[in-house]
Amino acid sequence: GQNIDQPTEMTATEGAIVQINCTYQTSGFNGLFWYQQHAGEAPTFLSYNVLDGLEEKGRFSSFLSRSKGYSYLLLKELQMKDSASYLCAVRDGDYKLSFGAGTTVTVRA
Amino acid sequence: ETGVTQTPRHLVMGMTNKKSLKCEQHLGHNAMYWYKQSAKKPLELMFVYSLEERVENNSVPSRFSPECPNSSHLFLHLHTLQPEDSALYLCASSQGLDNEQFFGPGTRLTVL
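Just so you know, the sequences run in chain order A and B. Under the working numbering, the residue at position 73 of the first sequence is numbered 62, and the numbers go up by one with no gaps. Under the working numbering, the residue at position 47 of the second sequence is numbered 235, and the numbers go up by one with no gaps.
These are calculated hints, taken from the structure and not from any lab test. One thing to keep in mind: the hints can contain errors.
[Stated by the list, open to error] Subject to a maximum C-alpha distance of 27 Å in a straight line, what follows is the list of computed BS3-like cross-link-like pairs (lysine-lysine):
(1) A:Lys57 x B:Lys229
(2) A:Lys46 x A:Lys65
(3) B:Lys229 x A:Lys70
(4) A:Lys57 x B:Lys228
Same shape as in the complex, but just chain A (with noise of 0.2 Å):
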């Protein structure tokens, strides 16, 4: 089976930078995901990463390790509008999305 673990919940300031950990443990390795699912909406695509290494766009970053089975969502500069949870999803050696159970983030003025 998948196991992917993500904290549930942080809070953090306008302005400042918060690190969203996830890890995983599946069956097999074709990419990991991150998505922002603001509350109500559609979960929104964030970044994908398949080799190890950091993924950067604009002020969303996401790293991958692989041998370690961990990843991180960095995300700077917090914009009230970035209150929002935060998705990781493993896809498995076919093409199967396992997600987390997914992190609240609360940016706090």
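Following the hints, put chain B in place on chain A, whose structure we already have.
Just chain B now, kept in the frame of chain A:
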């Protein structure tokens, strides 16, 4: 309309009712998915269609019945549901099974 749309956005039904959820994607994708999202739980993959053929049925009870009449539309037919089936049902689509999935806003289902 753009992206992935779902109707209705909210649905309340009794256990003996029959209803259907509809998903439409306007992205020209060839794969579509149904997920269930319960509070504080991970998204659970229910069904996958690729080129209008079902490629995944993830041990979902038969009271949920999917239908994919063409590559742009996906339905989830519901009958004799249980209260524990109350959840957010999300539809997604992708171009090929390997690429990122685009999600619809979901249908919030409450079974009384």
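Now the hints, each set against the structure:
no. : hint               : verdict
1   : A:Lys57 x B:Lys229 : 24 Å, holds
2   : A:Lys46 x A:Lys65  : 11 Å, holds
3   : B:Lys229 x A:Lys70 : 23 Å, holds
4   : A:Lys57 x B:Lys228 : 26 Å, holds
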